[in-house]
Amino acid sequence: MIIDLPSTNSSKINKALVDLREKGGSVTLGRVLTLVIVAEESATEDPIEAANAASFEHPCRVIVVARGVRRASPRMDAQIRVGGDAGASEVVVLRLYGTLVDHGSSVVVPLLLADAPVVAWWPGEAPDVPADDPIGALAERRITDAAAARRPTAQLAKRVASYRPGDTDLSWTRITRWRGLLASTLDQPPHDKVTAASVAGAPDSPSADLLAAWLAVALKCPVKRIKSPAKSGPGLHSVILTRRAGDISLSRPQTITAELKVGSQPERHVALPRRGLRDCLAEELRRLDADDVYAEVLSKGLALVARHAGTEPSRGRASGGHASRGRASGGDASRGRASRGSASGNSKAEATRTGTTATRSRTGTSGSSNGSTPTRRTRTSTESKAATVAPAVAVTDTAAAKANGSAATGAGPGGTPTSENPTTVNATTTTATTRTTRRRRAAKSSSSS
Amino acid sequence: MASTVINPLRDPRDKRLPRIAGPSGIVIFGVTGDLSRKKLMPAIYDLANRGLLPPGFALVGFARRDWANEDFEKVVHDAVLQYARTPFSEEVWRHLAEGFRFVQGAFDNDDAFDNLAATLGNLDRVRGTGGNHAFYFSIPPSAFPVVLQQLKRSGLCDPHAEEWRRVVIEKPFGHDLKSAQELNSLVNDVFPSDSVFRIDHYLGKETVQNLLALRFANELYEPIWNNNYVDHVQITQAEDIGVGGRAGYYDGIGAARDVIQNHLLQLMALTAMEEPVAFNPKDLRREKVKVLSAVQLPKDLSVGAARGQYAGAWQGGTKVLGYLEEEGISPKSTTETYAAVKLLVQTRRWSGVPFYLRTGKRLGKRVSEIAVVFRRAPHQPFSQNDTEELGSNMLVIRVQPDEGVTIRFGSKVPGPAMEVRDVSMDFSYGQSFTEASPEAYERLILDVLLGEPSLFPQDEEVELSWKILDPVEKHWARAGGQPQQYGSGSWGPKCADAMMARDGRAWRRP
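Protein chains in written order, with the numbering used here: chain A, 692 to 1140; chain B, 139 to 648.
Careful, some of the hints might be misleading.
To be verified - The list that follows gives simulated cross-link-like pairs (lysine to any residue, SDA-like), each with its CA atoms no further than 25 Å apart: (1) B:Lys457 / B:Pro156; (2) B:Lys153 / A:His882; (3) A:Lys714 / B:Pro146; (4) A:Lys991 / B:Met563; (5) A:Lys884 / B:Asn145; (6) A:Lys991 / B:Ser566; (7) B:Lys153 / A:Asn743; (8) B:Lys153 / A:Tyr854; (9) A:Lys714 / B:Lys550; (10) A:Lys714 / B:Ser566.
As the list claims (entries may be wrong) - To spell it out: a stretch of chain B is covered by chain A in this simulated footprint if at least three of its residues, at any positions, have a beta carbon under 8 Å from a beta carbon of chain A; those stretches are: (11) 191-197; (12) 302-316; (13) 373-387; (14) 394-400.
To be verified - Here are some chain A residues the structure puts well away from chain B; computed CB gaps all over 12 Å: (15) Leu708; (16) Leu829; (17) Arg868; (18) His882; (19) Leu910; (20) Arg959; (21) Pro964; (22) Asp983.
If you are wondering where the hints come from, they were derived from the structure by calculation, not from laboratory data.
Just so it is clear, CB atoms sit at the ideal spot from N, CA and C, and this is done for glycine as well.
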């Protein structure tokens, strides 16, 4: 049922809602939250549809603040939808015109459900600081969608700067299943440490950025964000976790089917379609407390990935390497790193790339620290051993070398085939230090094996 | 095994992250049965659709029927289309169906089990199930020994390092204490007890788990959850159907063994138990065992227990047969289709508060609930006349259908007179959390694959339950005679009502 209330105000709407309840039974009392959708007038139907669908899981009152033309006289038109037109929710669409457009919160407040949590959702462009927005300030939970913005990457940067507990973004929700699948692979033995990771996706995919950032925070290892060429499709493409026991690779080449490869185990397929708005919204509404993990990913993870990327060579080549490496790691992971290196062609690309890295980091920051001398010694010893093992450099080693462009101690056991020594320090943070210590340990254990 | 290792990607604060089962497969014995088609297959599909099954999951059917893999796939497909709760997705189905295998054979056929072993080995190689397999016994208990023996002989029950093999068995877990112990030792001979999962699908219901949340997460209920305020507790599980196709199994077993021993005693344990130290399988079980071991039967069972048999009648607009007229039932059968029993819990909290448990077939409607009935207010400032229509306050936990909680209390009837009448305040899962709650079997199958035992009763609980029920069964066997007849569609035999009336109470009409 749809009821139109032209040129109205909040108390008239409230009265209409109470009347409806008396006629149709006490449905509203079971509602668990109020969802406020703030959108431009032209773009309200998709979010409403998603909210209606999600309401089957979370019966709610949906208030849509549709921002209309500003250059008009101030007016509010309302529409109430219940029953079949609104899923298990009741939808109040408020169309605001003129100066009223900027005072959405004033019409929303009287319509909020008693005591129930308020969730604000901006399906399109979001305010710079959602928590300071008048409607955002009413809400316990503020949902934005960086991917829906005109410039997703810039939008994500804004989310970092403006984060307050209770903020969340749908580009983070979209990767839940990816994260679940990756986490479940690490539930299984062997419980080897992941030494490096890379995430490939469209250049402007905030989801790929967030996934990389999450891995960087959780795994405490260098994570490379590879920006695939735009023509290879939107969103996330693949993730590779490198471990000594064999790589884990989860990739979704264009279709909705993902391939999961874990070490030498047979390749497995799983349906992993891009999540729809309904799914994402339902997940968002499931938990209304602040998402601490998301907060950490924003505040720390993105910076970690960016810092790592700072020592990266050109992007195009990196993505090429990713693809070929993914292929190489499929079959022969069991044979270990030496054989992986021997996959032809691949090795050369890797070697060159690492060379570049080394050179770059050296020229980049020449002010060396006193750590350089002992480092050089460690390095040479591992190198000589490694050289007999493989002429090429496995994933770990490139990553290691890059990470260690910073603290410059023990590079990966593979070392670089060029005798360049990236013994410079360009960032001495605590993270870099811990990373180095760990790597040194890894180097030791591996060279003794 | 996995619990000792910390997965860096699992942050306890990360509540979004789903628990996806690791590489594994499930083998269903008796795959052609009703349970398998109506519950297990749809649940497996739903799990896959929710993305909770591992990529490369394998489902192996084992039965006597002469099917090829394709026939099996078709059967599962039909079952999924008909009974699954989530929408059908071709993509999900395709990947799931790649892991379907069917092994044909009888349980006493060595070749069939060697074939099964080879099939599983092949799945490990092709699908990457990693040697992790659950064996689901959807078969009569009489077939357990031979299947267990076969699993042992073919080495299927022996996992290699870091692999697991689990066995899932359905009720009944024996028919008395002795047989339950035998069954336990038989199963434990082949599988260690932490690999044995006894499915009691009631425990997979959201409401049952919510009972713990309701009791222990709130301040509102625990203070009155004792003999100071509670008068008695009624736990009901009623079915509106008759024995139907289960005649062969049901005759000789009866309602008490079929339902009271497992479902009702488990529900009672959850209602009556003390707060566990922590919400983990071990501590939960400890509290349940404590309360089950404190259960006492009334001294005179002839007044503390009642049984009945449904008689033919018009039920809900159809003419139905009485139990003795059902196909496959002896006309002289003394098996009860209705059982009610009064239990006392000898603890400080519950001393003097009887728990009445009842179950039956062909009752008024299909319903399961726990009703906590409170004492009446010690003093009423209103006149007797004003409160004539006021009953006892009641908290009802509806387990199925329409899962939720109802509170009944008195309220003033609008008008100039002071008149108090009972009203209900309802919380319905369907309204506050619609559709989200997964089917009990989904939850339980996932728990089996994850190796999460909290919702499964263990040996000790099963044996304690039999210790409670055995004297009742003995009493009835000694008393002999026919259980009292009750009309189909009614709420049980007269003797059950009399049992309550003697205590000055009455059954609630659910």
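Index of numbered hints that the structure contradicts, given in increasing order: Hints 1, 3, 4, 6, 12, 13, 14, 17, 18, 19, 20, 21 and 22 contradicted; others consistent.
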